[in-house]
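A.B. asks: Spelled out, the chains give:
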Amino acid sequence: MKKITLQLLYSFIIRWFLRVFVGVKFDKADFLLKEKQFIIVANHNSHLDTLTIMASLPRKIVHKVRPVAAADHFGKTKWKEMLSNFFINAVLIQRKRDKENPENDPINRMVKALDEGYSLILFPEGTRGEPEVQQPLKPGISYVLIQRPHIKYVPAYMKGMGKAMPKDDNLIVPFTSSLTYGRPRQAASLDTSDILQQIERDLNRLKDSTIQ
Amino acid sequence: MIEKLLRLDFIHNDDILFVILLIFGILIFASTLFFIVGWIKPQAKLGELKARTNSWWVMASLFIGATIVNHTLAYIAIGMLSFVAFRELYSVLDFRASDRRAIFWAFVAIPIQYYLAYIGWYGAYIIFIPVGMFLFLPMRLVLKGNTDGIIQSMSTLQWVLMLTVFGISHMAYLLSLPEISGFSSGGRGLLLFLVFLTEINDVMQFTWGKLFGKHKIIPKVSPNKTWEGFIGGVISTTTFGYFLGFLTPLSTYEVLFVSFAIAVSGFVGDIVMSSVKRDIGVKDMGTSIPGHGGILDRIDSLSYTAPVFFHLVYYMAY
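Here the protein sequences come in this chain order: A and B. Heads up, the first sequence is in my numbering, so the first residue is 1 and it goes up one at a time. Heads up, the second sequence is in my numbering, so the first residue is 1 and it goes up one at a time.
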């Protein structure tokens, strides 16, 4: 039931809405079918970001990919948590690490989802910032990649989303925007800051390739 | 039921049917030509020309399908054209974050403008954007309170709206013109005449320019525009217009004049959009049509020819 709902919602309704109404140009994402598991790492400016990535995925794997979202925002109330679970298929995490309760620890939660066979969508900037301005990346992604080194990450860069629907505004105004994927890559080292730098370079390279 | 949905009576209208066959004939000729040339000379670089022709196939089919077959669909299709063009243009023109509310209302104006065209309320249709939105949008900008750069936002927003919505919507209003006795093609004929001539003009100016172009008209804006291309295009387009005059209710001299006006204004629309692109520093407005760039790269001439043609015909025949 959830699988069909997600496929119908993202591969048809939301994809159509984003493409025709908002004006999103989607990059091809068929290459993701070749990867067994992956973590999509993207820049974050808008609530549309998650929807755009979900809508760009091949229909067959939409239900196997879970966006990672902040519990304080998307799990504020029981009702909101249920909606986030069902319609966004989100992995809710808290923003701070929790060494005393391993079950609540954000890193453990992400690793657990990976172990269950899901792929993840992660916004390492942590929160939505100013349109087209990149914030420093948070180290969480590195911890996950260190714990599960066989999993590849896929850089994704979105342009214009923060103009179609910025952080402090709930009104969507159509704006020609785009989503571009990079090649899937493995972390080249086991050092937190090295991995972060590698991801940041990949994102910047994608950003440069979209500005023409 | 079917007769209500589809206006298939164009099959009995020899004039319109003839032009449709002509359009597809030209397309078949172009595709065959490129196929044969590509077969004989595989080293010839036909990629872009082929992509352009294929896009023409899609655009011509969509256009003919929407305008000739179903009347109501045509208003929606042209309205969508305005919507995409408006979005494409304003997205590349650095608006401020505080302009979003006003831009939203400019989007709302699109269905209203096309609805006014649909019901054929000429008085409201013709002032809604030039007067109504002209007064309303600055007010919405002012209410937001950010005065830094507000003059630029006020003027640019109105200009984008005029060019992509008001101008293009004249195509739709052609379909709402009242019937003239003894003139069977009606608004559909006029629309077909306008679009066909505008596009032929683009192609002719390009071809003449490629073949004989030497003396540049405005090298700073568009280095490919030459006097030879321009004059050759104007003459060819006027000739085409003369032979397609049966699609309009105009006299021979009027048809010649209107065709000439389409040729010249099409050229102007083209270079106006070129200068905008030059200012922003892009080659094409987008990538929505293979080989053609964005929607705007395709309808830049139409945004000028549509109002010019409409008002000339409206003055001469209605």
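I should point out that these hints are in silico values taken from the structure, not numbers from a laboratory. A couple of the hints might just be wrong.
As the list claims (entries may be wrong) - Some but not every residue of chain A turned toward chain B, in silico, with C-beta under 10 Å:
| no. | residue |
| --- | --- |
| 1 | Phe21 |
| 2 | Ile88 |
| 3 | Asp169 |
| 4 | Ile172 |
| 5 | Pro174 |
Unchecked claim - Listed below are the simulated EDC-like cross-link pairs for lysine to aspartate or glutamate, each with C-alpha atoms no more than 20 Å apart in a straight line:
| no. | chain 1 | residue 1 | chain 2 | residue 2 |
| --- | --- | --- | --- | --- |
| 6 | B | Lys144 | A | Asp168 |
| 7 | B | Lys144 | A | Asp115 |
| 8 | A | Lys36 | A | Asp115 |
| 9 | A | Lys28 | A | Asp208 |
| 10 | A | Lys25 | B | Glu199 |
| 11 | A | Lys207 | A | Asp191 |
| 12 | A | Lys167 | B | Asp94 |
| 13 | B | Lys210 | B | Glu199 |
| 14 | B | Lys283 | A | Asp208 |
| 15 | A | Lys207 | B | Glu228 |
Unchecked claim - Pulled from the structure, derived: some chain A residues nowhere near chain B, Cβ distances all over 10 Å:
| no. | residue |
| --- | --- |
| 16 | Ile13 |
| 17 | Trp79 |
| 18 | Gln94 |
| 19 | Glu100 |
| 20 | Lys163 |
Since the structure is predicted, the reported quantities are computational estimates derived from the model, not experimental observations. Cβ coordinates follow ideal geometry from the N, Cα and C atoms, glycine included.
A.B. asks: Out of the numbered hints, which ones does the structure contradict?
C.D. replies: Structure breaks hints 2, 7, 10, 11, 15, 20.
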